[in-house]
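Turn these sequences into a full structure, and let the hints steer you where they fit.
In order, the protein sequences belong to chains B and A.
So for the first sequence, this note's numbering puts the first residue at 1; every next one is plus one.
So for the second sequence, this note's numbering puts the first residue at 1001; every next one is plus one.
Think of the hints as simulated: they come from the structure by calculation, not from any bench.
Mixed in with the good hints, there may be bad ones.
Unchecked claim - If you only want the chain A side, here are some residues facing chain B, beta carbon under 8 angstroms, derived:
id	residue
1	Y1142
2	A1255
3	Q1284
4	Q1293
5	P1321
Predicted model only: the values in this text are computed from it and were never measured.
We put the beta carbon where it would ideally sit given N, CA and C, even for glycine.
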Amino acid sequence: MTIDVKQYTRADFQTPQEVRWCPGCGDYTILASVQNFLAEMGVAREKHVFVSGIGCSSRFPYYVDTYGIHGIHGRAPAIASGVAAANPELTVWVITGDGDALSIGGNHLIHALRRNVNLKILLFNNQIYGLTKGQYSPTSEQGKRTKTSPMGSIDYPFNPVTLALGAEATFVARTLDMDRKHTEEILRAAADHRGSAFIEIYQNCNVFNDKAFQELTGRETRDENRIYLREGEPIVFGPNDEYGVQLGEFGARVVEVAKVGLDAIQVHNSKTPCPGVPFALSRLSHGPHGPTPLGIFRDVPRPVYEDLMVGQIEDAQAKKGTGDLADLLRSAGTWTVE
Amino acid sequence: MSQDTETEARPAPEKIDRVVIRFAGDSGDGMQLAGTQFTASSAMFGNDLATLPNFPSEIRAPAGTIAGVSSFQVHIADWDILTPGDNPDCLIAMNPAALKANIDECEPGALIIANSDAFDERNLAKAGYDSNPIEDGSLRSYHVLTAPMEELTKEALVGTGVKGRAVLRSKNFFALGLMSWMYSRPLDSIVDWIDTKFGDSPVGAANKAALSAGWNYGNTMEEFHHTFEVAPAALPKGEYTNVTGNVAMAWGLIAGARAANLPLFLGSYPITPATSILEELAKQKHFGVKTFQAEDEIAGVGTAVGAAFAGSLAVTTTSGPGLALKSETISLAFMLELPLIVIDVQRAGPSTGMPTKVEQSDLLFAMYGRHGEAPVPVLAVATPADAFSTMMEAARIATKYMTPVIVLSDGYIANSSEPWMIPDVASLPSFPVEFAGKFNSEDEFLPYKRDPVTLARPWAIPGTPGLEHRIGGLEKQDLTGAVSYDGENHQIMTDLRAAKIEAIRNDMPPITVHGDKDSKILVLGWGSTFGAIRAGVLAARQSGRSVAHAQIRHLNPLPPDLREVIEGREVILVPELNSGQFSRILRAEYLVETVPFTKVKGEPFKSGEIEAKLSEICREINS
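Encoded structure:
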């Protein structure tokens, strides 16, 4: 795949369209990470399609010099599924936000994941409605005061990773806008995964929900709260790796390594067929509060929707030959008037 | 199959030129199947025909009740007929409810064939009869014949391996055999169908035994001494098949994709009465057809928009409630200027309404049911066979003008059938699409630089090097497609998009006016009212009245010669199955007075209703 593709730079994926996010928005960082990754990815520029819905994040396709559709609110996974099914040769990205993907578009998201359409879905989670200027979203914490929840939100929030695992997504990961190296690692793994890849990106909205991820990003607290999931390694974290994650009948819990011993700590394996293990890990935190896993929760193979679709067409053609219209029009029986 | 030929010589069948037969029973009695097979056998025999299935939306409404009655009417003739017939000449009633639900539509003298086994106290009570109508003389004005179909079916099935209650499932084949005998239909095509469908199974044997028993019963029983024969119709020379509207539509989509040289993609969600288009196309994978059964109506059209962007002939199928859900995405497709075919198989609304019954009440919704200034072409299907060429026309307009096109069919066209002279595939229209492959200006690709004649923008599909571009729902700068909030530009783009649709007006065939072309009275219809209107007009003209008729296929934009066609008429009669929606459009477009003639009773017009209305109008004009 990499053979005939020219060497790109980030500039090859930038468009003349003026980028219009608020200064300081986490979306800029994610855009830079994605453009960097696209330059290195080794897929021809014309083979990429970026599809988005509505929201701040959904302006993303205008800023990436590939093919793209800025669609309608919530429907990006459906539109993108059509692109991918019509031409499985393409690399199709879905750019969405917490309102777009989990509120109005929740249905399309879970169905794209269960079908395992070959889509790379990047969910920019800022836990707020930004484009409509600050209303609570389906990932806002309970009690959050916004313009539409002056006494505090009474909605219980989604944990997007838990939701994706519940829909049996074959690839589920979480990263952080400001950790560009980690973001690019995750993008690489998602690109290498054939099938739906769901990536939740914690993204700071510095205007309407600033510091929502402070516990994971603040200098003082981040080492205590970022649990990096590293393949094949015990899940440990903390300034001196003094904490670890243990799995059992209780689900997943944080323990002190010194008390239980390193052997009792869960060794991360994203390839575990059972979605229960990553599901338990996703329950360590319900939002970005306290110790929160980042990395690849799940990466397992399952037949891809469009491959199955093409397979059925090939099978039908092998059995019946490629369709002949004249035969079709006679397939219900005919008679002749002389 | 052996038919009993040993009985004594019977009188030769009476030759009749046409007959309307209605099979009616409980929704579990297999009446749709019996009717369909009787139709197929009549088609193979060479009759002209038209059918009208009618069934409840419940899969199994309470057995024996009026609500659960399902019927299938077929009109067969030795001449070119246009409708499934106004009133049945022969009614097969498998139970009292079927008799009660249908008897009012039978003219005195009609033949009633009743399954006497089902006329017991319980079923009579369920149907609301105080006494047994086949015995109490209340059917005196009809010619009533009875057969104990259940008992006879049971006897016939001994030895087939089918036992118990399952035996009764074959009684529709008994009725079918009896009717085949009575109307001198060959059984070959039915037997072939049973063999294909059931193979060597006990069910196949049972159905054949019941079919044969029905035939032999007619042949043996003295009271059934009178048989009929409808000779083959003198249709134009050619090879024919019998198609329903939904099947013809599916085939027309395959033909349209072939003509456009594009792969066909259908994104859809099951909804009555559109579902069988999805089912038919799902069977045709060897044509490279991709069918995507989406999670909802919105995703159905959403996947289609994605597939259109990627270079497919993209289609979504639905009925009224689904059209409402798709509305936002149709506006998106209009804004993106991508080809898309939206099929609305209309049913009685609003809301869930009467989902298995016909109506034409989505016309205004199809015309105007979008946010913003978003005119889209609208086409209407007139007959089951017409669905084929209408789909090709929809594909032509969608790809040539880069626009969504809405096609209006309805539940009557969807399920009814008619003989169709199979077209020569080589002579079908061809309109191959050329995707953009290179820059259309000096040094860049301008996704919204338009064709000077059609005003269509270029279609550059992902995978084409150098033409990477973004499209979206936000207003676009003319030519470049970049996001623009400039008011002047929005005016220009709104006007351009409207002008593009308007340009289609000069790209359609002239209207065909039938009958007395210069008559003071014009009947103007659209969609599935075609057959009833044409037959009603014919009848009026045969009784000496002067009437013209035109049926409009292109509803938006309307044909350029429509003004000329309606000008100078004293009466423009507009029959439609809604509350006068097309009349409204005609009045708005042409400032003309029309005479709306409407009904919303879940059934098509009868030709007699049109004829009676014309008589009334003629009397008024002349008085």
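- Hint check, Q1293 (chain A) versus chain B [nearest Cβ-Cβ separation less than 8 angstroms]: violated, 10 angstroms
- Query: Any CB of chain B closer than 8 angstroms to the CB of Q1284 (chain A)?
  - Reply: Given a least distance of 6 angstroms, the restraint on Q1284 (chain A) holds.
- Query: Is the interface hint for Y1142 (chain A) satisfied, with its Cβ closer than 8 angstroms to some Cβ of chain B?
  - Reply: Since chain B brings no Cβ nearer than about 33 angstroms to Y1142 (chain A), farther than 8 angstroms, the hint is violated.
- Item | Given hint P1321 (chain A) near chain B, where the shortest CB pair must fall under 8 angstroms | At about 16 angstroms, which exceeds the 8 angstroms cut-off, the nearest Cβ of chain B leaves the hint on P1321 (chain A) violated.
- Message: Given A1255 (chain A) as an interface hint, is its Cβ closer than 8 angstroms to any Cβ of chain B?
- Response: Since chain B brings a Cβ to about 6 angstroms from A1255 (chain A), closer than 8 angstroms, the hint holds.
The structure fails hints 1, 4, 5 (numbered hints given earlier, in ascending order).
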